[in-house]
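*Asks:* Letter by letter, the chains look like this.
There are 2 protein chains.
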Amino acid sequence: MKREFDVLFARNEFKAESFLEELRGKKPLFICTIATTETAKIQGISAAGKYPEFTDYTPPADAELLLLGKCKCINGVPVTPEGIPTPALITMSALRLADVPVLVASGGLKVKPQIPFLDFGGTPGRDIRSGNAVDNVSEVLERATIAGAQLAKTADYLVIGESIPGGTTTALGVLTAMGVDAEGKVSSSMPENPHGLKCDAVKAGLAAAGEGFGSLAGDPVRAVECVGDPMMPAFAGLVVGAAAEVPVLMAGGTQMTAVLALVKALNADVLCNVAVGTTRWVVDDASSDVRGIVDQIADVPVLAADLDFGGSRFEGLQAYEKGIVKEGVGAGGAAIAAMAATEGAVTKEMLLGEIERNYALLMGVK
Amino acid sequence: MKREFDVLFARNEFKAESFLEELRGKKPLFICTIATTETAKIQGISAAGKYPEFTDYTPPADAELLLLGKCKCINGVPVTPEGIPTPALITMSALRLADVPVLVASGGLKVKPQIPFLDFGGTPGRDIRSGNAVDNVSEVLERATIAGAQLAKTADYLVIGESIPGGTTTALGVLTAMGVDAEGKVSSSMPENPHGLKCDAVKAGLAAAGEGFGSLAGDPVRAVECVGDPMMPAFAGLVVGAAAEVPVLMAGGTQMTAVLALVKALNADVLCNVAVGTTRWVVDDASSDVRGIVDQIADVPVLAADLDFGGSRFEGLQAYEKGIVKEGVGAGGAAIAAMAATEGAVTKEMLLGEIERNYALLMGVK
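So the protein sequences, as listed, match chains A and B.
Here this note's numbering is used: the first residue of the first sequence is 124, the next is one more, and so on.
Here this note's numbering is used: the first residue of the second sequence is 124, the next is one more, and so on.
Chain A extracted, bound-state conformation (with noise of 0.2 Å):
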């Protein structure tokens, strides 16, 4: 695979390469899309809570962590079921080692998080397989595109990121309904990707909405309303009114498939600004296919960075190798942010040191 810095270019290698090339030594703002859904808390979907409820706290924990270095709403940080932390360590360690500046955006929350943020007036989201997942989309989608245009007038480029656990089944729900084969190639934050609950919700939820692959196609906002999650409008936004006029990131694995089958959807003509922010971990995924997804949306180019925790003094961190986390709160594109803003001055090793120091105080060990 080509690279620059510690950055492979994982699809389409010339895009990936004159998209990092427009970024190099530019100044980028970091955005956190945050909300909450009811889908995480179906038995076994997701990692991101050790308990049900306490998918609500992650995604408010991870943007306290982003800002303030620690969480308020929770002690100590988000950890899976086998204790090994949140993504937003790697996302937090790499803004700050480039100082990036970082916003918090809500799509609709059940815990708030102690910090500033955005609000674009969305509600937590519903268990997908009511098939009446989430309200309010076209408004966060309007308030959202507002908010992406004036920010993109602060920065010479946005990464977008997003916490919200479930979300990997949600996407899978959006892009069934809009017509892509996701079936099988979403990816999970636990190492055994449970493909079998997350098809089943998303059919009982497009069977609860009357509607089916592909049905809604050609209307975004209900395939967000029907099997979606609020993270998804406030990100769609944010990049529609953003990359109008600036390079966009989009900081995620497979979920940043189905934000980008919203905003082809939507406008069209920004996607020749976007490029998917990935790690390595989320492309080199045998239990996921984030490439085969792309493919039968757009031909954006997808970037992942080649970050590496095998030689990692922690355990919690060379967990990351065994395929536990993979990504999240746009560790990968903050990352390749970092490297690219320093103009490759942030290596991959620099930047597992400052993990390793923020993992070890942030989980009080040596």
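Among the hints, a few may not be true.
Identical copies go unnamed one by one, so any copy, or any two together, can satisfy a pair.
As the list claims (entries may be wrong) - Listed next, the in silico EDC-like pairs over lysine to aspartate or glutamate satisfying Cα-Cα at most 20 Å (straight line): (1) 164 to 422; (2) 387 to 408; (3) 164 to 392; (4) 387 to 368; (5) 150 to 279; (6) 125 to 144; (7) 276 to 222; (8) 138 to 438; (9) 193 to 262; (10) 195 to 262; (11) 471 to 144; (12) 471 to 176.
Hint data in this document are derived by calculation from the structure and do not stem from the laboratory.
Go by the hints and put chain B onto chain A.
*Replies:* Just chain B, lined up with the frame of chain A:
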């Protein structure tokens, strides 16, 4: 009065000139802090709403006007009882001429705007006569400080304005509590400044709180809690967070002096990076004395946009020359920023032309 572009140096000419020089050709970010207080509903206190209940709608409507070019939560635009339109018309025109990005931040609102806005966790303010005017002051201050620090990284300098009906009365409250003699010195949006009413409200509030002149000089948080408004901690926090890094133009009239007193008490070190930016109508106002208040607080410069609506073809704009409205929604500071950002290419004549164009559109006249 010395000047550069169409900007007057109204206090501390030397510092004012060098402050403006720092802004020349640079990229500002405008933030409008909005909030509501029941204080505005005291009969005769405010012209910002024709009926007392209307004051709940003025701040969100002003914010919508800035971002959308029209209001959503009301028909038309906010007007005084005489039908004179909100100064947000000036702000919007100035920011658009110079393509300045805008964000809205809420300090605590009864009616939320139908646009994206930064939430600092504040709640609407009570009547200061209760002596218990604002909740959550420390928390809002802390969150606004965090936001200010992040936003300072996205622009060369910040321009911060406000919209809160009743704000000069609460300003008098906080100034008095902090030992600044502002009696008869705060401005008014009405041609007849109701100093007696404001003073009575402040006296009642301080008595109810068991406080008196200067008794809270060392406790800015409690000064706001007792007799302030929810715009203040949002605004002061943004200044404290941002002015540690970049220049901050505090855009407003005599209300800015209360925020200045808070900032001084919170972190006097940042005052060297701060100026007040207002309009000629405020600095020339015989019924108030912005310089006389600033003199008691800190040696910060005061700049004033030399706006002149005497030659306007609309009576509704000519009225500004009779002392109606005068300032608000950061109008003066936005005008100064538009002139500085364009190195004088935006003149007061050009600005009046754009304001008249928007006036005609929004007021439905020709």
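*Asks:* Which of the listed hints are broken here?
*Replies:* 1, 2, 3, 8 and 12
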